[in-house]
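**Student:** Sequence:
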Amino acid sequence: MNTTAEQSRLNDNYSGTKNWLKWGPYLSERQWGTVREDYSANGDAWNYITHDMARSKAYRWGEEGIGGFSDDKQLLCLGLALWNGKDPILKERLFGLTNSEGNHGEDVKELYYYLDSTPTHSYMKMLYKYTQEAYPYEQLINENQRRGKLEPEFELIDTGLFDQDRYFDVFIEYIKNAEDDILIQYTIYNRGDQNADLHVLPQLWFRNTWSWNPNSTKPQITHQDKSTLLLQSQLGNYYCHIDGNTELLFTENETNNERLYHSANASAFVKDGINDRIINNNLSAVNPQKKGTKAAAWFKLSVPAKQSMQVKLRLSNNHQTDPFDDFDNIVNLRIKEADGFYADKQQTTTHADERLVQRQAFAGMLWSKQYFFYDVNSWLNGDAGQPVPPQSRFKGRNHNWKHFIADNILSMPDKWEYPWFAAWDLAFHCLTFGQIDPDFAKKQLDLLISARYIHPNGQLPAYEWDFSDVNPPVHALAAWQLYQLDKQVNQKEDILFLEGVFQKLLLNFTWWVNQKDSEGNNIFEGGFLGLDNIGVFNRSAPIPGGGFLEQADGSSWMAMYALNMLQISIELALYNPVYENMSIKFAEHFLYIAGSIAYMGEDSLGLWDDQDGFYYDLFRKPDGESDRLRLRTLVGLIPMFATIVFDENKWNKLPHLKERLDWFMEQRPDLVRLVSYWKDTKGTEQHLFSLLRGHRMKLLLRRMLDPNEFLSDYGIRSISKEYLDHPYHYLLNGNDYEVRYNPAESDTGMFGGNSNWRGPIWMPINYLIIQALLSFQEYYTDDFKVEYPTGSGSYHSLAQIAASLSNRLKSIFLRNEKGERPVFGGYKKFNLDPHFKDYILFHEYFHGDTGKGLGASHQTGWTGLIALL
Numbered sequence: 001m002n003t004t005a006e007q008s009r010l011n012d013n014y015s016g017t018k019n020w021l022k023w024g025p026y027l028s029e030r031q032w033g034t035v036r037e038d039y040s041a042n043g044d045a046w047n048y049i050t051h052d053m054a055r056s057k058a059y060r061w062g063e064e065g066i067g068g069f070s071d072d073k074q075l076l077c078l079g080l081a082l083w084n085g086k087d088p089i090l091k092e093r094l095f096g097l098t099n100s101e102g103n104h105g106e107d108v109k110e111l112y113y114y115l116d117s118t119p120t121h122s123y124m125k126m127l128y129k130y131t132q133e134a135y136p137y138e139q140l141i142n143e144n145q146r147r148g149k150l151e152p153e154f155e156l157i158d159t160g161l162f163d164q165d166r167y168f169d170v171f172i173e174y175i176k177n178a179e180d181d182i183l184i185q186y187t188i189y190n191r192g193d194q195n196a197d198l199h200v201l202p203q204l205w206f207r208n209t210w211s212w213n214p215n216s217t218k219p220q221i222t223h224q225d226k227s228t229l230l231l232q233s234q235l236g237n238y239y240c241h242i243d244g245n246t247e248l249l250f251t252e253n254e255t256n257n258e259r260l261y262h263s264a265n266a267s268a269f270v271k272d273g274i275n276d277r278i279i280n281n282n283l284s285a286v287n288p289q290k291k292g293t294k295a296a297a298w299f300k301l302s303v304p305a306k307q308s309m310q311v312k313l314r315l316s317n318n319h320q321t322d323p324f325d326d327f328d329n330i331v332n333l334r335i336k337e338a339d340g341f342y343a344d345k346q347q348t349t350t351h352a353d354e355r356l357v358q359r360q361a362f363a364g365m366l367w368s369k370q371y372f373f374y375d376v377n378s379w380l381n382g383d384a385g386q387p388v389p390p391q392s393r394f395k396g397r398n399h400n401w402k403h404f405i406a407d408n409i410l411s412m413p414d415k416w417e418y419p420w421f422a423a424w425d426l427a428f429h430c431l432t433f434g435q436i437d438p439d440f441a442k443k444q445l446d447l448l449i450s451a452r453y454i455h456p457n458g459q460l461p462a463y464e465w466d467f468s469d470v471n472p473p474v475h476a477l478a479a480w481q482l483y484q485l486d487k488q489v490n491q492k493e494d495i496l497f498l499e500g501v502f503q504k505l506l507l508n509f510t511w512w513v514n515q516k517d518s519e520g521n522n523i524f525e526g527g528f529l530g531l532d533n534i535g536v537f538n539r540s541a542p543i544p545g546g547g548f549l550e551q552a553d554g555s556s557w558m559a560m561y562a563l564n565m566l567q568i569s570i571e572l573a574l575y576n577p578v579y580e581n582m583s584i585k586f587a588e589h590f591l592y593i594a595g596s597i598a599y600m601g602e603d604s605l606g607l608w609d610d611q612d613g614f615y616y617d618l619f620r621k622p623d624g625e626s627d628r629l630r631l632r633t634l635v636g637l638i639p640m641f642a643t644i645v646f647d648e649n650k651w652n653k654l655p656h657l658k659e660r661l662d663w664f665m666e667q668r669p670d671l672v673r674l675v676s677y678w679k680d681t682k683g684t685e686q687h688l689f690s691l692l693r694g695h696r697m698k699l700l701l702r703r704m705l706d707p708n709e710f711l712s713d714y715g716i717r718s719i720s721k722e723y724l725d726h727p728y729h730y731l732l733n734g735n736d737y738e739v740r741y742n743p744a745e746s747d748t749g750m751f752g753g754n755s756n757w758r759g760p761i762w763m764p765i766n767y768l769i770i771q772a773l774l775s776f777q778e779y780y781t782d783d784f785k786v787e788y789p790t791g792s793g794s795y796h797s798l799a800q801i802a803a804s805l806s807n808r809l810k811s812i813f814l815r816n817e818k819g820e821r822p823v824f825g826g827y828k829k830f831n832l833d834p835h836f837k838d839y840i841l842f843h844e845y846f847h848g849d850t851g852k853g854l855g856a857s858h859q860t861g862w863t864g865l866i867a868l869l
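At position 680 of the sequence shown the residue is numbered 680 (this note's numbering), and the sequence of numbers has no breaks.
Among the hints, a few may not be true.
Derived DEER-like restraints, expressed as beta-carbon distance ranges [as the list claims (entries may be wrong)]:
| no. | residue 1 | residue 2 | range |
| --- | --- | --- | --- |
| 1 | 328 | 16 | 13 to 21 Å |
| 2 | 670 | 649 | 47 to 55 Å |
| 3 | 16 | 575 | 48 to 56 Å |
| 4 | 394 | 538 | 44 to 52 Å |
| 5 | 382 | 165 | 49 to 57 Å |
| 6 | 350 | 319 | 26 to 34 Å |
| 7 | 465 | 648 | 42 to 50 Å |
| 8 | 577 | 816 | 48 to 56 Å |
| 9 | 381 | 351 | 53 to 61 Å |
| 10 | 538 | 222 | 53 to 61 Å |
| 11 | 503 | 670 | 31 to 39 Å |
| 12 | 284 | 328 | 37 to 45 Å |
| 13 | 451 | 44 | 28 to 36 Å |
Okay, derived cross-link-like pairs now, DSSO-like style, lysine-lysine, Cα gap no bigger than 27 Å in a straight line [claimed, not checked]:
| no. | residue 1 | residue 2 |
| --- | --- | --- |
| 14 | 306 | 653 |
| 15 | 86 | 300 |
| 16 | 443 | 22 |
| 17 | 658 | 585 |
| 18 | 395 | 443 |
| 19 | 306 | 658 |
| 20 | 300 | 218 |
| 21 | 837 | 818 |
| 22 | 312 | 300 |
| 23 | 818 | 829 |
| 24 | 86 | 829 |
| 25 | 226 | 312 |
| 26 | 653 | 487 |
| 27 | 492 | 312 |
| 28 | 218 | 306 |
| 29 | 73 | 443 |
If you're looking for bench data, these hints aren't it; they were derived computationally from the structure. We put the CB at the ideal spot given by N, CA and C, even for glycine.
Work out the full structure: start from the sequences and follow the hints.
**Tutor:** Dropping the structure here:
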């Protein structure tokens with residue numbers, strides 16, 4: 001097997017002979033408005049540091065930039081600043097609305113695209129589109145605040161500033177010649193019909209570590225010779241060579257207290273000094289001695305109409321005599337190697353448009369890596385020499401997570417809208433990374449469940465806004481699928497990884513059993529469980545008037561968790577017989593959960609409803625009465641996910657498990673008949689463990705595959721379309737709780753109002769549905785057929801249906817017969833313009849009827865799963 005140059009770099013990196021991942025796209029795209037930077041008494045992170053304050057505030061926990069790049073501890077940072085000569089500030093960070101400013105919550109208001117990246121970041125490319133007229137900051141704020149929740153968001157493209165093509169395409173490229181030799185290339189295209197001026201300012205700065213640690217040594221950037229900067233820090237000496245003679249500006253990465261707080265500055269030069277020098281022509285704002293902790297090279301370009309210009313830099317730990325002589329050759333070589341790497345990975349992807357979408361999905365995943373620094377104990381207590389945090393913090397956000405210390409590169413859902421890790425998102429990220437860099441994926445999963453992250457009681461941290469919230473337990477599933485992917489990519493079985501993850505997840509599984517099964521009946525309430533506003537009630541808050549929900553998804557997720565742990569323990573038992581006892585434990589857990597889903601409490605009322613052929617939540621009232629909440633949502637489809645198949649050979653190698661399950665069949669036939677009959681191989685030498693037998697499976701699929709309910713042209717909706725004309729109502733204590741099918745953005749403010757599970761299509765759930773269908777197919781074979789779509793009279797195997805659903809999801813991004821991509825939502829500019837039509841955005845979720853991209857616009861994160869389809 002031939003090894004590509006990029007694969008060789010990956011091999012060298014993970015063998016420890018090289019450190020190709022020392023530098024990467026590790027800057028956030030938004031550090032302001034985050035929990036980490038919030039030291040307020042009331043936890044109002046969005047207003048503690050705003051976008052307007054950001055240019056003047058030295059951050060404590062991280063940095064941000066446009067197309068940013070840094071080392072893996074974010075000591076030295078690179079980013080781009082631009083000025084069209086008309087904006088009131090430098091464009092050095094992406095602009096967006098806060099949660100309270102947007103009619104659908106926080107939302108970035110920029111046009112930028114991740115176009116390419118190799119796993120080692122030996123070659124990276126992104127595009128930022130910058131207006132030649134003044135950027136419409138106020139218009140975007142005012143118009144979105146004017147609009148209500150029933151109206152769409154007002155986007156940058158809606159302002160008309162791109163209609164006449166009077167904008168710049170700024171391509172940002174990073175190219176590694178060696179581990180510590182990085183080429184930076186900015187290519188600026190003037191798409192307009194007139195010459196246009198643009199100020200281009202590549203910036204380098206050190207993250208402020210010295211203000212919080214009096215014993216630390218302050219780094220320094222100095223002008224060495226000609227167009228060379230010397231950067232001295234604990235990283236050692238680095239040299240930044242700048243192509244061409246241009247003015248160099250220096251300041252300090254220190255807070256401008258005078259501007260923000262009307263108090264004295266600690267330094268004569270402050271963070272926004274370069275901004276003041278350019279925008280306000282304030283000569284005293286930058287250091288005439290040409291030294292500091294932040295520096296910029298000031299290029300004043302006049303870009304001819306329809307033409308392009310370039311700016312080049314080279315950052316190296318060695319002083320280069322002729323840094324630009326071999327520059328273009330290195331760039332071309334790395335592009336060729338990137339093409340070679342993806343040609344190898346995309347051998348089975350034959351359609352050119354599919355290859356384009358898949359490669360940009362991988363690029364989005366790789367660009368969304370971020371340095372995440374958060375020491376909760378230090379954050380709660382504050383730093384020496386800094387103001388003492390308010391006492392309210394010690395009873396507020398994350399106060400029970402003092403053990404938590406993150407100082408790592410993590411995969412983010414979206415580096416502007418969600419610039420923090422989310423536990424269940426990250427599990428899905430690992431699956432996509434598994435295709436191109438399984439070692440990175442394994443390290444991510446292992447980190448999340450490490451002692452520095454997981455609570456001593458076994459709970460996984462959900463996300464920085466509330467580590468104690470509860471997300472679906474999908475990490476054993478991720479571990480198993482990643483183990484399988486890794487085996488395909490690296491041609492070996494990483495049993496040590498699987499065993500290590502299993503041992504740590506035992507603690508988390510026990511936490512679920514002890515904490516989330518409040519009645520001790522193997523039914524799990526769960527709480528939030530990641531599906532935001534999908535239910536009748538806010539699932540993270542107590543139900544008004546009391547009572548509690550026994551959730552179809554909470555219990556189904558746990559049944560799936562038990563089966564995933566069973567699957568892993570069976571694999572481990574083939575190498576170490578000790579794990580056979582664990583497989584018995586998880587098989588029994590699964591059966592008890594299955595029994596409780598079917599029969600609960602004195603009324604023996606289960607979550608399955610024979611009348612509707614669907615699973616529903618059960619509302620237990622304070623007076624002991626129970627109501628089945630007959631609301632058809634994704635919650636009722638999740639029992640499908642609790643499915644595993646394993647073959648006869650494994651079964652015969654585990655005599656104790658086999659014997660125990662035979663005993664169980666004799667002692668508890670009531671439980672056994674509720675689930676698939678694992679002893680029946682149907683002649684395929686496959687055994688099936690599932691919550692669903694064939695009859696219930698067909699009833700559930702009848703609903704799911706009905707175009708009038710869940711089946712959209714673009715995948716499976718999150719709620720039945722029946723509720724468009726016939727909303728669901730539930731009366732409780734004189735209040736009417738209504739749930740209506742809403743295929744677009746949320747029409748409520750629940751969970752910030754920027755996500756919606758009451759109609760749109762979500763990639764991770766659709767991915768799990770497809771995986772479940774393929775598991776059932778493995779067992780039932782082509783003999784098992786269901787009507788698809790419901791009412792069509794056409795019958796198909798589960799594998800055929802899974803393939804069709806995959807095609808529906810892919811069609812969101814691929815050009816259709818009109819040459820349009822549904823993800824663009826009908827914007828002609830996006831669909832037809834040659835400088836837009838092949839730049840893909842991987843949104844958070846998608847319109848349930850049209851496939852239009854909605855929510856966070858760069859959530860390649862779990863939407864990156866499209867690369868696997």
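**Student:** For each hint, tell me whether it holds in the structure or not.
**Tutor:** The hints, checked one at a time:
1. With their beta carbons about 32 Å apart, residue 328 and residue 16 fall outside the hinted range of 13 to 21 Å.
2. A hinted range of 47 to 55 Å is violated for the C-beta pair residue 670 and residue 649, which are about 30 Å apart.
3. At about 25 Å, the beta-carbon gap between residue 16 and residue 575 misses the expected band of 48 to 56 Å.
4. Between residue 394 and residue 538 the Cβ separation comes to about 26 Å, which falls outside the hinted range of 44 to 52 Å.
5. In this structure, residue 382 and residue 165 meet the distance hint of 49 to 57 Å, their C-beta atoms being roughly 50 Å apart.
6. The supplied range of 26 to 34 Å is broken by residue 350 and residue 319, whose beta-carbon atoms lie about 48 Å from each other.
7. Taken as a hint, the range 42 to 50 Å holds for the pair residue 465 and residue 648, whose Cβ atoms sit roughly 48 Å apart.
8. Residue 577 and residue 816 have their C-beta atoms about 55 Å apart, which keeps the hinted 48 to 56 Å range intact.
9. A C-beta distance of roughly 56 Å is found between residue 381 and residue 351, which places it inside the suggested range of 53 to 61 Å.
10. Judged by the Cβ atoms, the range 53 to 61 Å given for residue 538 and residue 222 holds: they are separated by roughly 56 Å.
11. Restraint check, residue 503 to residue 670: a C-beta distance of roughly 33 Å satisfies the suggested window 31 to 39 Å.
12. Between residue 284 and residue 328 the C-beta distance comes to about 40 Å, which sits within the given range of 37 to 45 Å.
13. The supplied range of 28 to 36 Å is met by residue 451 and residue 44, whose beta-carbon atoms lie about 32 Å from each other.
14. Among the hinted pairs, residue 306 with residue 653 is inconsistent with the structure: their alpha-carbon atoms are about 69 Å apart, more than 27 Å.
15. For the proposed pair residue 86 and residue 300, the alpha carbon gap of about 14 Å is at most 27 Å, so the pair holds.
16. For a cut-off of 27 Å, the pair hint linking residue 443 to residue 22 stands: about 15 Å separates their Cα positions.
17. Under the criterion of a C-alpha separation no larger than 27 Å, the hint pairing residue 658 with residue 585 is consistent with the structure, at around 13 Å.
18. Between residue 395 and residue 443 the CA atoms are separated by roughly 33 Å; this puts the pair beyond 27 Å, and the hint is violated.
19. Of the pairs offered as hints, the one joining residue 306 and residue 658 is violated, with about 72 Å between alpha carbons and a cut-off of 27 Å exceeded.
20. Among the hinted pairs, residue 300 with residue 218 is inconsistent with the structure: their alpha-carbon atoms are about 31 Å apart, more than 27 Å.
21. A threshold of 27 Å between alpha carbons decides the hint, and for residue 837 with residue 818 the separation of about 13 Å falls inside it, so the pair holds.
22. Pair hint residue 312 plus residue 300 holds up; C-alpha atoms about 14 Å apart against a cutoff of 27 Å.
23. Distance check on the hinted pair: residue 818 and residue 829 sit about 14 Å apart at the alpha-carbon level, within 27 Å; holds.
24. Note on residue 86 and residue 829: the hinted pairing holds, with a Cα-Cα distance of about 24 Å set against a maximum of 27 Å.
25. A threshold of 27 Å between alpha carbons decides the hint, and for residue 226 with residue 312 the separation of about 15 Å falls inside it, so the pair holds.
26. With a C-alpha separation of about 21 Å, the suggested pair residue 653 and residue 487 falls inside the 27 Å cut-off, and the hint holds.
27. At roughly 42 Å between alpha-carbon atoms, residue 492 and residue 312 are farther apart than 27 Å, so this suggested pair is violated.
28. Restraint check: the Cα-Cα separation between residue 218 and residue 306 comes to about 45 Å, which exceeds 27 Å; the hinted pair is violated.
29. Our distance criterion of 27 Å between C-alpha atoms is met by residue 73 and residue 443, whose separation comes to about 16 Å.
Going through the hint list in order, the structure does not satisfy hints 1, 2, 3, 4, 6, 14, 18, 19, 20, 27, 28.
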